[in-house]
Structures are given as structure tokens and as C-alpha cells.
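Chains as they are written, first to last, in the numbering used here: chain A, 1 to 420; chain B, 1 to 353.
Simulated from the structure, these hints should not be mistaken for laboratory data.
Glycine is no exception: its CB is placed at the ideal position from the N, C-alpha and C atoms.
Take the hints with a grain of salt, since some may be wrong.
[To be verified] Listed next, the in silico DSSO-like pairs over lysine-lysine satisfying Cα-Cα at most 27 Å (straight line):
#	chain 1	residue 1	chain 2	residue 2
1	B	Lys132	B	Lys45
2	B	Lys26	B	Lys161
3	B	Lys161	B	Lys328
4	A	Lys142	A	Lys161
5	B	Lys333	B	Lys344
6	A	Lys309	B	Lys122
7	A	Lys219	B	Lys169
8	A	Lys309	A	Lys55
9	B	Lys255	A	Lys142
10	A	Lys219	B	Lys176
11	B	Lys176	A	Lys236
12	A	Lys309	B	Lys26
13	A	Lys219	B	Lys132
14	B	Lys122	B	Lys245
15	A	Lys175	B	Lys169
[Claimed, not checked] Pairwise CB distance ranges (calculated):
#	chain 1	residue 1	chain 2	residue 2	range
16	A	Lys276	B	Arg252	44 to 54 Å
17	B	Arg305	A	Asp372	38 to 48 Å
18	B	Arg305	A	Asp353	24 to 34 Å
[To be verified] Just so you have them, the derived chain B footprint on chain A, three or more residues with Cβ under 8 Å:
#	segment
19	137-145
20	167-173
21	218-232
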Amino acid sequence: MKKSSDAELRWVKLAFKKYYSMRANDIHVPSKIENREFAFALFGGTGMVRHIAFKSGEELKEYLIFNVPRHAFHSSAYYSYPAADTMEDKEWLGADLVFDIDVDHIVTPCKALHDTWLCPKCGATGKGFVQACPKCGDENLKRKTWVCETCINVARDEVIKLIDMLLSDFGFSDKEVYAVFSGHRGFHVHVEAESVLELGQDARREIADYVRGLGLNYKAFTTEGSRANLYRLTAKPEDPGWHGRVARSVMDWFLSLDDREVLKVTKGRRVSVLKKYSAIARSSEDADWIESLELTRREWENILSLIAKSEGVEIDERVTIDIKRLIRLPGSLHGKTGLKVVKLSIYDVENSDILKTARVFSDEEVRVRAKDLPAKVLDAEFKEQVDGVVHVPLYLAVYLVANGAQIELIDRFPVKLARV
Amino acid sequence: MKAYIGRVLLSKEDLAKYPFLPESQKYIESLGFTLEDLSSQPGLKVLERAYARIRAAIDRRVDRRLSEDLDIEILSFPTSIVLLRVLSDKILTRRFGVAEGKRVSSFLLEESEEKLAYIAIKGFGWRIRVFKGSIGSRAFSFLIRMEDYIPLVPEYSGLWKLINRPLMKGWVPVTKTELARLSEEAVKKYLEDRCSAEPPMEVPRVIAKIIDKIKESWSAKMEELGLPKSVKVEKVEDAYPPCIKALLEDLRNGKNLPHTARFALASFLLHIGKTPDEVIDLFRTVPDFREDIARYQIEHIAGLRGSRVKYLPFKCDNMRSLGLCRWKCRGIKHPLQFYRLALKRGKVEYEEI
Numbered sequence: 001m002k003k004s005s006d007a008e009l010r011w012v013k014l015a016f017k018k019y020y021s022m023r024a025n026d027i028h029v030p031s032k033i034e035n036r037e038f039a040f041a042l043f044g045g046t047g048m049v050r051h052i053a054f055k056s057g058e059e060l061k062e063y064l065i066f067n068v069p070r071h072a073f074h075s076s077a078y079y080s081y082p083a084a085d086t087m088e089d090k091e092w093l094g095a096d097l098v099f100d101i102d103v104d105h106i107v108t109p110c111k112a113l114h115d116t117w118l119c120p121k122c123g124a125t126g127k128g129f130v131q132a133c134p135k136c137g138d139e140n141l142k143r144k145t146w147v148c149e150t151c152i153n154v155a156r157d158e159v160i161k162l163i164d165m166l167l168s169d170f171g172f173s174d175k176e177v178y179a180v181f182s183g184h185r186g187f188h189v190h191v192e193a194e195s196v197l198e199l200g201q202d203a204r205r206e207i208a209d210y211v212r213g214l215g216l217n218y219k220a221f222t223t224e225g226s227r228a229n230l231y232r233l234t235a236k237p238e239d240p241g242w243h244g245r246v247a248r249s250v251m252d253w254f255l256s257l258d259d260r261e262v263l264k265v266t267k268g269r270r271v272s273v274l275k276k277y278s279a280i281a282r283s284s285e286d287a288d289w290i291e292s293l294e295l296t297r298r299e300w301e302n303i304l305s306l307i308a309k310s311e312g313v314e315i316d317e318r319v320t321i322d323i324k325r326l327i328r329l330p331g332s333l334h335g336k337t338g339l340k341v342v343k344l345s346i347y348d349v350e351n352s353d354i355l356k357t358a359r360v361f362s363d364e365e366v367r368v369r370a371k372d373l374p375a376k377v378l379d380a381e382f383k384e385q386v387d388g389v390v391h392v393p394l395y396l397a398v399y400l401v402a403n404g405a406q407i408e409l410i411d412r413f414p415v416k417l418a419r420v
Numbered sequence: 001m002k003a004y005i006g007r008v009l010l011s012k013e014d015l016a017k018y019p020f021l022p023e024s025q026k027y028i029e030s031l032g033f034t035l036e037d038l039s040s041q042p043g044l045k046v047l048e049r050a051y052a053r054i055r056a057a058i059d060r061r062v063d064r065r066l067s068e069d070l071d072i073e074i075l076s077f078p079t080s081i082v083l084l085r086v087l088s089d090k091i092l093t094r095r096f097g098v099a100e101g102k103r104v105s106s107f108l109l110e111e112s113e114e115k116l117a118y119i120a121i122k123g124f125g126w127r128i129r130v131f132k133g134s135i136g137s138r139a140f141s142f143l144i145r146m147e148d149y150i151p152l153v154p155e156y157s158g159l160w161k162l163i164n165r166p167l168m169k170g171w172v173p174v175t176k177t178e179l180a181r182l183s184e185e186a187v188k189k190y191l192e193d194r195c196s197a198e199p200p201m202e203v204p205r206v207i208a209k210i211i212d213k214i215k216e217s218w219s220a221k222m223e224e225l226g227l228p229k230s231v232k233v234e235k236v237e238d239a240y241p242p243c244i245k246a247l248l249e250d251l252r253n254g255k256n257l258p259h260t261a262r263f264a265l266a267s268f269l270l271h272i273g274k275t276p277d278e279v280i281d282l283f284r285t286v287p288d289f290r291e292d293i294a295r296y297q298i299e300h301i302a303g304l305r306g307s308r309v310k311y312l313p314f315k316c317d318n319m320r321s322l323g324l325c326r327w328k329c330r331g332i333k334h335p336l337q338f339y340r341l342a343l344k345r346g347k348v349e350y351e352e353i
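Excised from the complex, chain A in its bound form:
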């Protein structure tokens, strides 16, 4: 059996058409729409249709209903002439601050269950995530990736960390910040605020570094201690920004000392000293003991890099730095999953069942003939190697076809939308 055929894809396009015709009101019309560039990838087409502009949300919706794109994007930037062909003629006016959190870049336990790779060079294949082919070292791997509930939850934790930073450190209001489920394996977080509009690439990189925990310097958090090359922590748990984050993390670190990490931090030299501090931490009733904590420069640097890893947010910094990025249109469908790109308020991120909200097609069962299905995908699990006829909910059938699984539809009746 080959990959999903053209007939299957046409069925997906019909499904998308139904969604856009019936649920056009689910489309989130971006603010200042007349200054944004739009871009679409169409079914059957290659590449993107770019430099499209709309005067109103109505115009945008008409376009979607009429053209039924497979993917829909809008610019994070604002332009005087968004439909102009070249960047120069568009006249850049400013851009929202955007963050991209994608499980592609994060280690998750579920990838071994649903991701596969193939090395076109030597023919090796495998499951899970590898940076390069373990056999020949080539980095240009063909990957097949799927999304499941675990992926979403891992990404969601990062989003929550990020939103906390944006609100408490950067002082953005809950009206200026929102998250978007990408419809695939991640989230985007948008900041629409006057103060970020005109920031250049260097300034955005600095914000990206802040969020990632990059560049922590021990001098900012410590002062000279009682002996040469010993430094005392001066940051306090209640301090703003990374000062508080560092102080709280240092305390936690000593409270639950991990032998392996201690070895790494001290390079095996002062293990007993650190253990002594840990004992003091555990027997103390308050945080005052921390003022007596003195470590070497190397030790501080090592602890800070551990803290950066655990407290920093895993974003794809290229998206944040790019001031002309195209980003998925909330309310549109993701062409690889058939899931809705969902706009979420900062409160929705924690409290909603994201995959359920993103599902727009019904869960009535359809029969498909399938081969090599991923073991875990969306909320479904295929325990045994599937090879033959399976019953799957309709929304999953759309996903399997759209993402190029080896399936053939047996029931090809008109698609129904999920009830709202």
C-alpha cells in the first residue's frame, strides 16, 4: 500500500471546505488586519501564495471559504503596503513579539512511540528522535512526526513558564499576551504591545536569551566571600527576575541534592562541603542559611548553567528574532493534522483540554485499511502493529491521511463536524 492517494487528499480538502463554510466565525481576525501580510499553501500546490492582504475580517473569511487552503499564515509584522512584492516596498512598521515552543526541539518520552526517521543516504531507519543518522552521521534525515497528548503537555508546561515570565518580569498585561496551539506539535505565544512593536532583531534576541536563560553571569548574583575565590550569594528568593529565580533554585538544589549533579558542579573536588550545606539547608526552618553559602566561581558557573536549563524556556529563538515572520492564523486548520489552530487566553492554556478543543471533525467511526500506524497519536493508541482494517474516529482518519500515513479509506461518506 502506498501513501495516502490523491483521492484521500481530496476527501480531506472537502472536510476542510466544510469547516471553513460552516465555522467561518471560528476564524480569529488578527488585530490591524489591513497592515498584515497573509500567505497560504493550497491543496495540490507547491510552495506558498504570498503577499496577500485583506481590508477586513470578512474578506479574509471569504478567501478561506472560496480557496480552502491547506495552511494559512499571517505576518507578525505590520506593513504600510502588506501586498507589495518586496520587503522594501511593504514598508515595515513594527512587529508583535512572538515565541515558538515546539516539541520538535524538546526531549519527550513519547517520541519513541510515534516518530520515525529514515536516512536517505544509507537507508537506515529508526524510531524516536536523533540529531543525525547513527550509522553514517548524515543530518539530512527524512522524519515522520506525530502529535499525542504527552507532546502537548510537555509543550504546555513550557508555555506556562514563558507566560509567567512575560507577566511578572516583563510586566505585560493578560490582555497583551495570548497563546496559540499550532495545530501540530507546539504553541506560539504572541505579545501585542506598543512597547515591543519597534524592537529590532538585536533587542528581540536579547529578550529570547532572557527567556532561554542564556548568559547568566555569577557576578550579578554573588559577591566576594570570606576567602579568595569564594563568592557569597546575594540574590534573594523574593527578588524580581532571574535574581529571585536563581536564589529559589539554589535553595531547592541544596534541599534535594543530586549526587551526580554535585560531582559535576564541583568536578569532584568539594563534594563534602556541598553536602554540609545541604544538611544545613534541610535542618533550617527558613531561608536565612543561604546567606552563609559560599562557593567558588567555577561552582557558581556550573550551578547557574543547571538553573538556566531547568528554569529557561525552550523556545525556537529564530522565530522570536525574525521581525518578518509568518505565523499560523488562529482558527484556521493545520494541513498536516486537520486540527484547529486555537487561540488561547493565558487562563485557557492551563485549564483546557487542548486536543479536544482543536478537534473540529466528528468522532463517528470510519473504517480504514492501514499499515504501520504510529503506536500513539492524538488520544489514540495502537497497541499491536496494525496491518489491515481498523476503526478509527473520523478526526483521526483526517489526521492520518493529511500527515501521509499509509492508509486507504473504506468508508468515504461526507465528513461531519464535531458538535460545538
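Could you slot chain B onto chain A? The hints should help.
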């Protein structure tokens, strides 16, 4: 002291020290001075003073002098800008910005905190609050909005780096010295913007004469600054920054470099004068070498194809982001800057991070 900065009364001397303030601009307008006035006294004195200011910049001096007649001092500032517009030399303009920025910050450091804040707010449109407090290892005097702070920090590392500041709801704590330093950068930027505007269509003869004088001393200086005849480093390759050396070594060891690394290396080598053929030869060792593709891409980077733009190598920040740099080179922001400095001085200090 109040958290918000009130009005501060400025003397005429202040207007001379801080000629970018709206108050100073207003005063200059009220004098009704025109380009034609430069041809006779007291205009000639103004012109002379403007020349002296630019001359100081050429010599990298900070000229803290204030003319006895403060009107002359004040008017010499816009006059210098006109001269630089006519000259339209980016390097000289930047040098002037540096010198004037340092002059301003040296004056600012002598001011009270309230006055310093007032001048920064009025002069640069920043939002600043007074804040007395110690956080972490440092005592601060002001809070400045992060969108004003980030674009002007002298470097994106060490204590200037945003992550090492106790960021409070978008406000960045800074010391008095740091606020003066940020002002220095703001003056630099102010002057770069002002000096890049169109020059007047016609200038009086006296100006043309001064321009020639400036050109003369500037080109003498340029020659002095130019690359030395004898290269002290043993081989030219010794002057390459560590990131480029590492890429070159990887390449020679037949390692498969990612696309970004190839671009960084090729654009660097093309910029220091290697020919496309020489660069192509280097890449012959890569496992997936194909001459036609390599030639196309390298000629593209060299600006011989496509958009006809010669691509600059990535700057250090970008090299770091791309994972191609794990060094800290003293005072270096761009690999090409390392190379030039290394050729000039014989070495540049750097350490592995």
C-alpha cells in the same frame, strides 16, 4: 527624592553641555542664525569651534571645553552636524558621535541624579523612575523601561545583559554611571541619525574651505590607522578568529559542515580577499562536494550572481546563536573586526567559554 522626576531649571551652560535637549533646540531657533551668518563674525568663531569639535573626534579626544561665549558653543553643535552632512562620511560621523557622546556623559556624571534623569527623559524620550535599592550584588539609582534600555546597551554580555538585571515588570534597574553610559550611546545614535540627513544644496565658501581642511586631516588620520605594512602575525591565517580557525580545521579534517557553517566560512574568506576559486578549492574535501553547486553558491555569496550583494559573514552574536562560536574575544563583535585588529596589533585576546 521623589519617584517621579520633576522639572529642572536649566542654565545657558546646560544648553551648551546638552545641545540635543528640546530646550537647547528652542534656544538655537530663537537666535535666528543661518548658514550665511557663518561667513562673518561671530559666525566665523562658531565655524572655528565646530571644526575644533570634529578635529577632537578625529584625534579621539574628548573635548570638554566650553567657549567663553556660550552662544558660540551652542551654535557650534548644529554647525558641526551640517559639516558632517556635507562630508557624508560614515566612519567620521561615527567617530564624532563617540567623542560627543563621551563629552556628554562626562558632564552628566557631575550632575545630581535628578538632573541627570531629567536630561535623559527630555533629551532621549526615555521613561525613567528614581529607584533606590540594592538587589543581588549591586546598588541601583534608577529604573529605565526595557524598550529604552535594550537597544542602547554597549554590549549584550556580562552585567549589561538583560538576564543579569533584576527586571521588574519591564523596568530595568541601573546605576548613575550606567545611565550616563546609556546616554552616551543615545547621543551617538542621535548624531548618526542627524548627520545622515541630506546636506544643504549650497554652502557658503567658508564652509567649503573648512570641509577641505577636515578632509585633509581625516585622510591623514585614516592613513595612520590603516593596515600596517608589515604583518606581525606569522601567517595570515594566524589572524583568523578562533571560530573561523575551528571551521577551517573541521573542513580540512573532512568533516561535514552544516550549511550555516559553510556560509560563515565562505563569506569570511571572500571578504578578506580570497577569490571564489580559492574558496571552492578549500571545500573540495567536504563529503558531498559538487563543483557546480559549490561554485554557484560561493559566487552567490561573493556577489557575482543573483542579487549582486556581497554577503557579510555573521556577526559574533549570530555565530554564537548558531552554535558556531564558543569563544569570547576581547572587544570584538564581528569576526572581520578580529581579523583586522589581529593584523594590526599582532594578537587579540580571547578565551573559550
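Against the structure, the hints come out as follows:
| no. | hint | result |
| --- | --- | --- |
| 1 | Lys132/B / Lys45/B | violated, 45 Å |
| 2 | Lys26/B / Lys161/B | violated, 37 Å |
| 3 | Lys161/B / Lys328/B | holds, 15 Å |
| 4 | Lys142/A / Lys161/A | violated, 32 Å |
| 5 | Lys333/B / Lys344/B | holds, 17 Å |
| 6 | Lys309/A / Lys122/B | violated, 41 Å |
| 7 | Lys219/A / Lys169/B | holds, 22 Å |
| 8 | Lys309/A / Lys55/A | violated, 44 Å |
| 9 | Lys255/B / Lys142/A | holds, 21 Å |
| 10 | Lys219/A / Lys176/B | holds, 19 Å |
| 11 | Lys176/B / Lys236/A | holds, 23 Å |
| 12 | Lys309/A / Lys26/B | violated, 53 Å |
| 13 | Lys219/A / Lys132/B | holds, 20 Å |
| 14 | Lys122/B / Lys245/B | violated, 48 Å |
| 15 | Lys175/A / Lys169/B | holds, 15 Å |
| 16 | Lys276/A / Arg252/B: 44 to 54 Å | holds, 50 Å |
| 17 | Arg305/B / Asp372/A: 38 to 48 Å | holds, 44 Å |
| 18 | Arg305/B / Asp353/A: 24 to 34 Å | violated, 52 Å |
| 19 | 137-145 | holds (count 3) |
| 20 | 167-173 | holds (count 5) |
| 21 | 218-232 | holds (count 5) |
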